[in-house]
Every structure is written in structure tokens, then in C-alpha cells.
Amino acid sequence: MDKVIIAKDLSLAYSSSETIINKVNFSINSGNFVFITGASGSGKSTLLKSLYGALKPKQGSLIVGGVEIKGVSRARLNFLRRHIGIVFQDYKLVKEWTIDKNIMLPLLINGYVKSVANNQVDKLLKHVRLNHQIGKFPLELSGGEQQRVAMARALAHNPVLILADEPTGNLDDYSSQLIWNLLEGANSQLNTTVIVVTHNIPKTLNVDYKHFHIEYGSIHEVC
Amino acid sequence: MKSVRNHFSLVIALLSILFSMQVFLIAERSIEAYKVNLVQNYSVIAVSKKHLEISEILKINNIIADAKELSPDSVIERLSSDMRSANVELLKLTMPKFYKLSLTRYPTPGEVKNLKSDLLRSSSITKVEDFSHTHDTTYKLLLLFKNVVALFAIVVLIVTILLIIKELRIWQYKHNERMSIMGLFGAALWLRSAVLFRLAIVDALIASFLAFGIFIYLSSSPWVLEQFNNIGINIVIFNKVDDSLLILGVAMSISILLASLIVLGHKEEA
Numbered sequence: 545m546d547k548v549i550i551a552k553d554l555s556l557a558y559s560s561s562e563t564i565i566n567k568v569n570f571s572i573n574s575g576n577f578v579f580i581t582g583a584s585g586s587g588k589s590t591l592l593k594s595l596y597g598a599l600k601p602k603q604g605s606l607i608v609g610g611v612e613i614k615g616v617s618r619a620r621l622n623f624l625r626r627h628i629g630i631v632f633q634d635y636k637l638v639k640e641w642t643i644d645k646n647i648m649l650p651l652l653i654n655g656y657v658k659s660v661a662n663n664q665v666d667k668l669l670k671h672v673r674l675n676h677q678i679g680k681f682p683l684e685l686s687g688g689e690q691q692r693v694a695m696a697r698a699l700a701h702n703p704v705l706i707l708a709d710e711p712t713g714n715l716d717d718y719s720s721q722l723i724w725n726l727l728e729g730a731n732s733q734l735n736t737t738v739i740v741v742t743h744n745i746p747k748t749l750n751v752d753y754k755h756f757h758i759e760y761g762s763i764h765e766v767c
Numbered sequence: 002m003k004s005v006r007n008h009f010s011l012v013i014a015l016l017s018i019l020f021s022m023q024v025f026l027i028a029e030r031s032i033e034a035y036k037v038n039l040v041q042n043y044s045v046i047a048v049s050k051k052h053l054e055i056s057e058i059l060k061i062n063n064i065i066a067d068a069k070e071l072s073p074d075s076v077i078e079r080l081s082s083d084m085r086s087a088n089v090e091l092l093k094l095t096m097p098k099f100y101k102l103s104l105t106r107y108p109t110p111g112e113v114k115n116l117k118s119d120l121l122r123s124s125s126i127t128k129v130e131d132f133s134h135t136h137d138t139t140y141k142l143l144l145l146f147k148n149v150v151a152l153f154a155i156v157v158l159i160v161t162i163l164l165i166i167k168e169l170r171i172w173q174y175k176h177n178e179r180m181s182i183m184g185l186f187g188a189a190l191w192l193r194s195a196v197l198f199r200l201a202i203v204d205a206l207i208a209s210f211l212a213f214g215i216f217i218y219l220s221s222s223p224w225v226l227e228q229f230n231n232i233g234i235n236i237v238i239f240n241k242v243d244d245s246l247l248i249l250g251v252a253m254s255i256s257i258l259l260a261s262l263i264v265l266g267h268k269e270e271a
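Sequences listed follow chains A and B, in order.
Under our numbering, the first residue of the first sequence carries the number 545, and numbering increases by one thereafter.
Under our numbering, the first residue of the second sequence carries the number 2, and numbering increases by one thereafter.
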């Protein structure tokens with residue numbers, strides 16, 4: 545099985561004085577469903593940031609989709625990000641755009657024709673059960689609905705890798721279940737690699753998953 | 002309404018720059034036209050012991066456009082009634098020659114001084130009347146007018162630059178988040194900044210169109226035309242091709258510079 549992510553002696557830090565992740569080694573195969581857990585401030589989100597190149601390794605090597613993140617050029621990083629779908633706890637939707645335009649963003653970046661992109665957006669809005677909200681702006685929706693829009697955006701361009709940073713934190717049960725179903729669906733039907741940073745692993749998940757736990761700057765697989 | 006608000010601040014800032022620039026251009030043109038009027042009415046008188054060739058006078062200083070010998074007949078006529086004709090002829094021969102020199106442009110006080118000393122350097126010329134007192138007063142008035150207009154333009158420019166810096170900060174705040182989110186999905190720099198440049202170009206077009214409308218109206222306003230007629234100058238207040246292109250060029254350059262500064266100052270959200 546192809547390895548989507550390979551970390552060798554990876555250290556991550558925001559400043560030279562404080563290292564958050566210290567010389568960790570791990571790999572993730574294509575099509576894996578992975579949970580990363582750990583206490584608050586343990587470095588889960590920091591690790592996720594490094595996976596989409598927002599934080600460069602301080603030491604060691606991190607290869608995502610065949611791209612070495614350390615010293616990666618802006619153009620190569622853009623190319624990598626076009627194959628990744630990201631979901632944030634704070635949604636990161638463009639407030640001045642309608643939800644359909646937000647979902648369309650990765651499609652337009654990936655060069656989809658407008659008519660194809662429109663069809664895909666309609667399909668996704670139905671998929672996340674928000675087709676009745678078309679044309680609305682993010683701030684006109686509830687938190688759960690905004691996260692479903694963010695989820696639809698992450699799935700829009702059929703990415704090979706989905707990174708989700710506490711996607712169900714602060715969500716109601718209905719929206720949380722919908723988000724987990726969508727992530728499960730992407731993984732089982734499209735073989736998309738899914739990496740989720742979370743505090744709690746849902747008990748109702750119907751896929752095999754890997755579980756990494758971060759503690760004191762180290763990462764270990766929980767069996 | 003929101004969309005109008007988005008455009009309003011930059012359009013106003015751009016419009017004030019374009020307005021002050023065009024007013025400055027009109028003032029410059031007025032001064033130049035007024036100088037042409039003045040030079041037509043201003044000349045220097047040179048007195049020579051002997052007859053001088055016009056070509057010889059023209060060589061003395063290149064500011065001299067033409068020279069005309071003044072006829073002494075009217076003066077001699079007044080004296081001739083009490084004189085014999087032989088004496089009149091003798092007087093004609095011994096009288097100094099007067100030359101009226103017209104100039105290529107309205108000179109500065111320095112140029113008048115140089116011209117006078119150049120003329121006096123010629124051994125034949127004994128006296129030069131440059132009417133320097135009248136000239137200097139007029140020149141100083143012109144200079145004062147020019148400086149006041151320049152000062153006005155500088156003040157407007159400073160105020161507008163401050164307005165644009167404020168606008169830049171607002172735009173930076175407004176566009177940073179969208180640009181960061183687009184960056185997270187791999188948008189190239191041109192795509193991330195496309196909205197910003199589109200907004201800048203639209204604002205530049207709106208401001209140019211408004212400035213164009215204002216100056217087309219002013220250039221055909223009877224009141225404005227009457228003011229120029231009153232001071233005896235005839236200028237092009239607004240050249241529909243040259244001035245429009247200049248206005249559009251300045252507006253586009255400023256707004257594209259503004260958008261570029263925002264793009265260059267954009268920091269990726271980590």
C-alpha cells in the first residue's frame with residue numbers, strides 16, 4: 545500500500561526555544577482512516593498544520609503525497625493543497641461569499657468548468673442536507689450548518705487526503721453524526737485518506753481506523 | 002448598499018487626487034497662456050550710437066525674437082518747425098538709434114538682467130530700458146499664483162495619501178482572511194488577489210469616469226468660460242483625449258499600486 549504521509553525524526557516548533565513535537569516517526573497509508581488524539585496543547589493541531597504545509601518542520605523530514613514539506617516551494621505547496629480537503633473547527637468560510645460559492649472554491653482553484661462546478665455544488669448541498677439554504681451567507685447559518693458547508697467544501701474536489709481539525713467540536717449530535725457519516729463515506733467509497741484530530745473518537749464509526757496519541761511531544765500508535 | 006460602501010472610500014480618495022491634479026494642470030495652462038499674453042505686450046528698448054543690423058541684435062541673446070528700429074520722425078517733426086532743414090538732416094544723422102526688442106517668451110527677472118548686460122556689452126549700445134520694475138511685479142504675482150496652486154495640490158495630495166493609507170489598512174483586514182482561506186486550498190497568488198485587483202480596477206474606472214464628468218461639465222460651463230475670458234486667456238480646460246488618458250492612467254496606477262501593496266503585505270495564516 546502507498547504511503548501518503550511519512551514522518552522521520554520530525555520536530556515542530558513555533559519558535560526556536562519551544563519544541564511542540566519532538567523527533568517523531570510515523571507513516572500513514574493511502575486509504576487509512578486515522579484519528580490523532582491528545583490533551584489540549586499537546587500538539588495535535590500543530591501536527592495537522594504541518595501536514596498541509598502551514599508549518600514547516602524544524603528538524604527531520606515530512607513527506608506528504610510525495611512532497612517534502614521542509615523547504616517546499618510555494619507553487620509545489622499550492623499543487624499539494626489542491627489535492628487536500630481541510631476542515632477546521634472554526635469552519636474558515638469566506639463570510640462575504642454565499643455558501644455555494646464557498647463550496648465551489650476548491651473546484652474553481654482546480655480548474656473545473658463553471659457548469660460542472662455548479663452541478664457538483666448542488667449535489668454536495670443535497671449531500672450535506674443544506675440544499676434549502678442555497679444562496680445564503682455563512683453567518684446566516686447555525687454553527688452546525690456552517691461546519692456542514694465546510695465539510696462539503698473539503699469533499700468538493702474529491703481530494704486524496706482529508707485533514708479535519710476537531711470537526712465536531714461544539715456541534716450538535718445531528719450535525720456531528722452527519723460529519724462522521726460524510727468522512728466515513730469518503731473513506732469507504734472513494735478510498736480517501738482521512739486524518740482527524742479530535743478529543744473523542746466516536747463510538748458509532750463503521751470503518752477500521754488507526755489511532756495515534758500525542759503526549760509530551762511524542763506520538764505513539766494506540767492498538 | 003454594501004457594495005456601494007465597498008467602493009465609496011477609495012473612489013472618493015482617488016477622485017480628490019484626480020481633481021487636484023487636473024486643477025493643477027488647468028492652473029499651469031492658464032499661467033502659460035497668460036505668459037504668452039504678457040510677452041506680446043512686453044519689450045525691451047535698446048539705444049545705440051549707430052545703426053545696427055537686426056541679425057546682429059538677434060545674435061546677442063537667444064531670448065530676442067525680433068528687433069525693430071523705432072522711427073525718430075515723430076520726435077523730429079515736433080522740433081522741425083523751429084529749425085532749418087539742413088539742421089534737421091544733421092539732427093537725424095546724429096540722433097541715437099532706438100530698437101524695440103520683442104522676446105521669445107516671458108522672461109524671468111534673471112533672464113531680463115542677463116539680456117540687459119548682454120546688450121550693454123555691445124560697444125554700440127549705450128542704454129537699455131527693460132521696464133524691470135513693472136516686469137518684476139507681474140512676474141512675482143504669477144509666481145505667487147503658481148505657488149499657491151502647487152501648495153494646494155500638495156496639501157490635497159498629502160490628505161489623500163493619508164486617506165489611501167487608511168483605506169489600505171481596511172482592505173488588508175478585509176481581504177487577508179479570504180486570501181488565506183483561498184491559499185489553504187492551493188489557490189495561486191494571481192487567483193487569490195484577483196478579487197482585490199478587480200475591485201481596484203473598478204474603483205479606478207468609477208473615479209476616472211466621475212472626474213471625466215466633472216471636468217467635461219466645467220469645461221463647458223458658461224461661468225467658468227467667462228472667468229477665463231475676463232482675464233483674457235483662452236485655454237483648453239479639459240482635453241477629452243489626453244486628459245482622460247492621464248486621469249485614467251493615474252487612477253489605475255494608484256489603485257493597482259494599492260492592491261499590490263496589500264498582496265505583498267499579505268501574511269499567510271498559520
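Hints are computed from structural coordinates only; laboratory data are not their basis.
By construction, the Cβ of each residue, glycine as well, lies at the ideal position given by its N, Cα and C atoms.
Any given hint could be a false lead.
Here are the simulated BS3-like pairs of lysine-lysine, each with C-alpha atoms no more than 25 Å apart in a straight line [stated by the list, open to error]:
#1 A:Lys639 - B:Lys167
#2 B:Lys50 - B:Lys93
#3 A:Lys600 - B:Lys167
#4 A:Lys680 - B:Lys175
#5 B:Lys101 - B:Lys50
#6 B:Lys50 - A:Lys636
#7 B:Lys175 - B:Lys101
#8 A:Lys636 - B:Lys268
#9 A:Lys614 - A:Lys602
#10 B:Lys98 - A:Lys593
#11 A:Lys614 - B:Lys50
#12 A:Lys614 - A:Lys593
#13 A:Lys639 - B:Lys175
#14 A:Lys602 - B:Lys268
One side of the interface only, derived from the structure: several residues of chain B facing chain A at Cβ under 7 Å [claimed, not checked]:
#15 Met22
#16 Gly187
#17 Trp191
#18 Ala195
#19 Gly250
For each label pair, taking beta carbons as the anchor points, the in silico distance ranges come out as [to be verified]:
#20 B:Val160 - A:Lys680: 34 to 44 Å
#21 B:Ser261 - A:Ser584: 53 to 63 Å
#22 B:Ala195 - A:Gly687: 50 to 60 Å
Hint by hint, here is what the structure shows:
Distance hint between Lys639 (chain A) and Lys167 (chain B) is fulfilled; the C-alpha atoms sit about 22 Å from each other, no more than 25 Å. Distance restraint check for Lys50 (chain B) and Lys93 (chain B): the Cα-Cα separation of roughly 12 Å lies within the 25 Å cut-off, and the hinted pair is therefore satisfied. Proximity of Lys600 (chain A) to Lys167 (chain B) is assessed by CA-CA distance (about 33 Å); at most 25 Å being required, the pair is judged violated. The straight-line distance between the Cα atoms of Lys680 (chain A) and Lys175 (chain B) is roughly 20 Å, inside the 25 Å bound, and the hint therefore holds.
For the suggested pair Lys101 (chain B) and Lys50 (chain B), the alpha carbons sit about 15 Å apart, so the restraint of at most 25 Å is met. A C-alpha spacing of about 93 Å is found between Lys50 (chain B) and Lys636 (chain A), which places the hinted pair above 25 Å, so the restraint is violated. Restraint check: the Cα-Cα separation between Lys175 (chain B) and Lys101 (chain B) comes to about 69 Å, which exceeds 25 Å; the hinted pair is violated. Between Lys636 (chain A) and Lys268 (chain B) the CA atoms are separated by roughly 16 Å; this keeps the pair inside 25 Å, and the hint holds.
Annotation: proposed proximity of Lys614 (chain A) to Lys602 (chain A) holds, straight-line Cα distance about 8 Å (limit 25 Å). Restraint check for Lys98 (chain B) and Lys593 (chain A): the C-alpha separation of about 95 Å exceeds 25 Å, so the hint is violated. As the CA atoms of Lys614 (chain A) and Lys50 (chain B) are separated by approximately 92 Å, the hinted pair breaks the 25 Å bound. Between Lys614 (chain A) and Lys593 (chain A) the CA atoms are separated by roughly 13 Å; this keeps the pair inside 25 Å, and the hint holds.
Using a Cα cut-off of 25 Å, the hinted pair Lys639 (chain A) and Lys175 (chain B) holds, with the two alpha carbons roughly 10 Å apart. With a C-alpha separation of about 20 Å, the suggested pairing of Lys602 (chain A) with Lys268 (chain B) holds against the 25 Å cut-off. Look at Met22 (chain B): its Cβ only gets to about 33 Å from chain A, farther than 7 Å, so that hint breaks. The interface hint given for Gly187 (chain B) holds, since its Cβ lies 3 Å from the closest Cβ of chain A, which is under the 7 Å cut-off.
Annotation: Trp191 (chain B) was flagged as interfacial toward chain A, and the flag is violated, the nearest CB pair being 11 Å apart, outside 7 Å. The criterion of a C-beta within 7 Å of any C-beta in chain A is not met by Ala195 (chain B), whose closest approach is roughly 10 Å, and the hint is violated. Violation of the interface hint for Gly250 (chain B) is found here, the shortest Cβ-Cβ separation to chain A being roughly 30 Å, above the 7 Å cut-off. Take Val160 (chain B) and Lys680 (chain A): their Cβ atoms lie about 41 Å apart, and the range 34 to 44 Å holds.
Distance hint check: the CB atoms of Ser261 (chain B) and Ser584 (chain A) are about 41 Å apart, inconsistent with the given range 53 to 63 Å. For Ala195 (chain B) and Gly687 (chain A), the hinted distance range of 50 to 60 Å is not satisfied, since their beta carbons lie about 30 Å from each other.
Of the numbered hints stated above, those contradicted by the structure are hints 3, 6, 7, 10, 11, 15, 17, 18, 19, 21, 22, listed in ascending order.
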